[in-house]
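*Asks:* Next come the chains, spelled out residue by residue.
2 protein chains.
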Amino acid sequence: MVSQVADEKPQLLSKKAGCNSHGQDSSYFLGWQEYEKNPFDPAANPGGIIQMGLAENQLSFNLLEDWLEANPDALGLRREGASVFREPALFQDYNGLPAFKNALARFMSEQRGYRAVFDPSNIVLTAGATSANEALMFCLADHGDAFLIPTPYYPGFDRDLKWRTGAEIVPVHCTSANGFRVTRAALDDAYRRAQKSRLRVKGVLITNPSNPLGTTVPRADLEMLVEFVAAKGIHLISDEIYSGTAFAEPGFVSVLEVVAARSPLAADVSGRVHIVYSLSKDLGLPGFRVGAIYSANAGVVSAATKMSSFGLVSSQTQYLLAMLLGDKDFTRRYVAENKKRIKERHDQLVEGPKEIGIGCLESNAGLFCWVDMSHLMRSRSFEGEMELWKKVVFEVGLNISAGLSCHCREPGWFRVCFANMSAKTLDVAMQRLSSFVHHASSFVDEAGRRRGSGPARSMSCPLAIKWAFRLPPASADRKAER
Amino acid sequence: MVSQVADEKPQLLSKKAGCNSHGQDSSYFLGWQEYEKNPFDPAANPGGIIQMGLAENQLSFNLLEDWLEANPDALGLRREGASVFREPALFQDYNGLPAFKNALARFMSEQRGYRAVFDPSNIVLTAGATSANEALMFCLADHGDAFLIPTPYYPGFDRDLKWRTGAEIVPVHCTSANGFRVTRAALDDAYRRAQKSRLRVKGVLITNPSNPLGTTVPRADLEMLVEFVAAKGIHLISDEIYSGTAFAEPGFVSVLEVVAARSPLAADVSGRVHIVYSLSKDLGLPGFRVGAIYSANAGVVSAATKMSSFGLVSSQTQYLLAMLLGDKDFTRRYVAENKKRIKERHDQLVEGPKEIGIGCLESNAGLFCWVDMSHLMRSRSFEGEMELWKKVVFEVGLNISAGLSCHCREPGWFRVCFANMSAKTLDVAMQRLSSFVHHASSFVDEAGRRRGSGPARSMSCPLAIKWAFRLPPASADRKAER
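Line by line, the protein sequences give chains C and G.
The opening residue of the first sequence carries number 486 in this note's numbering; numbering runs sequentially from there.
The opening residue of the second sequence carries number 486 in this note's numbering; numbering runs sequentially from there.
Here chain C stands alone, though its shape is the one from the complex (with noise of 0.2 Å):
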């Protein structure tokens, strides 16, 4: 039949689908194509791009498969034994499976210690966390309006939030000076610009914990940031979708509690605040596209719920979760065992950069860490640091995000992320890592002196690996590994 043609009318499609705001030309996409092309197989492919890019939770999966092994009945669609294959099949309400809904609302609030604990009434499932992000912009941003954000953030945003929506993003900048917290001045700038360029501000959005700092934000400063959000009459959304990777203390600090604790004025904020969650990361299930917005703005939830219809969970997937995580004994077990092997990974992380003179941001949550490498540019500026990020992904093998494409402000920062390999490739990546740096070094010792006076032949290729000569392995071995 037809196969497919380049329309001779490009004007005749949106202007969305021709610009670009979807942001997918930024280098952490591109990233991931160079690594589709080349994936590292410990033995189908040893010198290929290990995956760094990505923020799976690969390393709790064995619990979820011991229990489906005892939970046949999950995903066998039964119950006692029969089959109740035609009520998934049917259910299309927009409100989810209720058994699933209480659920979450409980996994939620164990996330948080009960702490914060979740009303189901108040969830709005979503098709994961990219369809709540925009979801909510919908909700809350005519065109044109803006949403003010901690830089760096996770670079995916551009797409989520702006492209469809026609919202604004205004990035609040934050420096290495104080471990890229936010502060009420730098929220104070960031309001003021976007006021100079005669955007509405309608809210602030944060992860937290961060993407892709791998910090949790201090109590202290989720209260500052209700404080100015109150002060002028605006949303917060709080998205909290690695809430449940936060291994070290201090703790993961919901907004929800802040919110609460804020009373007797909480009422005040608590229609304006917002929370976005999913179970790709916490549970280690992106493929399964389970995201949910919480909010206490009936308002929120009444138009957010209608527009669920565009992105509603399977419900095949639903009846699933609903048992998986109504087990409180496997989810309090895999809850703890979880942040243990994450903390083990990101300590293995931490360790191996920090031999060769590599600092990262100290950090207690996500799946990968923030690493500084600004001094192995050669100019400290941002065409250095995608020099160096070309040499990582290409010649060094290892697929990892540079800081501008998280829109940060500081060259020369990437984020590496290590729950989605196992230890073994991990050690492999570190090795890789390692063998750059001692040739690189050499020649930052050797031309300290002249940084960014001029190419230095010595650090262009120090691996000379060859990726043309390397076939791609069969599909099925780049999805074990990924």
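Simulated from the structure, these hints should not be mistaken for lab results.
Any given hint could turn out to be false.
Given that identical chains are not distinguished, each listed pair holds provided it fits within a single copy or across any two copies.
Only pairs whose alpha carbons sit at most 16 Å apart, straight line, appear in this in silico EDC-like list of lysine to aspartate or glutamate [to be verified]:
(1) K647 / D627
(2) K647 / E840
(3) K909 / D753
(4) K522 / D578
(5) K717 / D674
(6) K825 / E868
(7) K500 / D630
(8) K824 / E521
(9) K909 / E836
(10) K647 / D753
Since chain C is already given, all that's left is putting chain G on it; use the hints.
*Replies:* Using the frame of chain C, we list chain G on its own:
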């Protein structure tokens, strides 16, 4: 914790959140709400409302159940007995699971007797047809651009196509004079009206088979539509989610067949003809949220694929359906048997009203009939239609969909669904309708001459059902009946 609070400053939400252009205040959705309050159950609530407003296909579930029983690995996420849980858990490539896309493409070709052959690389997966239709609008139309849609049309389109995209719908008025077929004159008229309103027309959207008519679009009409969009240089979207329900001659013809036959000019329009598909109707799996866009336009496929991040299909569901649709023997049997059962049920619905003088538009597809009850109205107006609709819902206890909610221009038509209930329940519905018409007819006979001249007391409460004293049955019972 904090329960839901109404936001004191509604202007803080977006205009979309506050407005009702989602169309969910129409009688179409109101009827559902009434049903939810008092659902029929043969044992627990035999006087409840029978849901005839929901185009679900429950007729062939036992075929699916038998297959699942024989192929437990599909639900169990296993391959040759071993768990492959990790693969779908992590699979979030928005290009979709290749095995599923291949199987879906083949299934779509099979539904069309291989007269049109679908290329998997032209498929974009979406969380249901709802999401597919909206994504296509985002790809093809900017704020204020318009699509022409023949009336009557599916009430959900106002939400799906307009609400978040800002696109407009201009109705193409069809009438009962030619069985509501779309004509070139009607298209030209709509195009002119759009231009008068200074709307830029970006395309035409049709449903084939038609929802709510239950008719397939004749080949000649498709040729006329393709000529029209070719001449105007605009797009044609064909929503073919009921393609597998065409149970009688003349059979279903896909627009893709017409485009392919149009060679050598085919390339001229093939990039502007797009198909929406779903497994909600043909396979009866609305809960699983599986939809698709099919387009030969590389720009549309690229943009829609990026947009599919907002509504991906659960990989758990993709895994199951890859196996189910990959079984050619099963799909062949299913498609044939499903059509046979739809025809039987359709005939049952048509026979009932016929005996009591109610006519249906002759139809050969869909899960509903388009029923003419105009002679039962007190006045030939939309007020008369709404009055009759309320009677049928509240007094007769049948939730049917009024033509006005489908933007039909002639009052007195109703969409009546037949495939979401047992044959016994459909019998009860027909008996109720018969009893109602018997009472109503005595009024119509007696007062035929003064039709529309004033209230007719005898018609106001023929069955005198007192809903207020009935308690709704438990939620589980309700689901079993739906």
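*Asks:* Compare the structure with each hint and give your call.
*Replies:* The hints, checked one at a time:
| no. | hint | in the structure |
| --- | --- | --- |
| 1 | K647 / D627 | both (11 Å within a copy, 15 Å between copies) |
| 2 | K647 / E840 | neither (41 Å within a copy, 57 Å between copies) |
| 3 | K909 / D753 | neither (51 Å within a copy, 54 Å between copies) |
| 4 | K522 / D578 | between (41 Å within a copy, 14 Å between copies) |
| 5 | K717 / D674 | within (13 Å within a copy, 50 Å between copies) |
| 6 | K825 / E868 | neither (38 Å within a copy, 66 Å between copies) |
| 7 | K500 / D630 | between (19 Å within a copy, 11 Å between copies) |
| 8 | K824 / E521 | neither (29 Å within a copy, 43 Å between copies) |
| 9 | K909 / E836 | within (14 Å within a copy, 70 Å between copies) |
| 10 | K647 / D753 | neither (28 Å within a copy, 33 Å between copies) |
Checked against the numbered hints given earlier, the structure breaks hints 2, 3, 6, 8 and 10 and satisfies all the rest.
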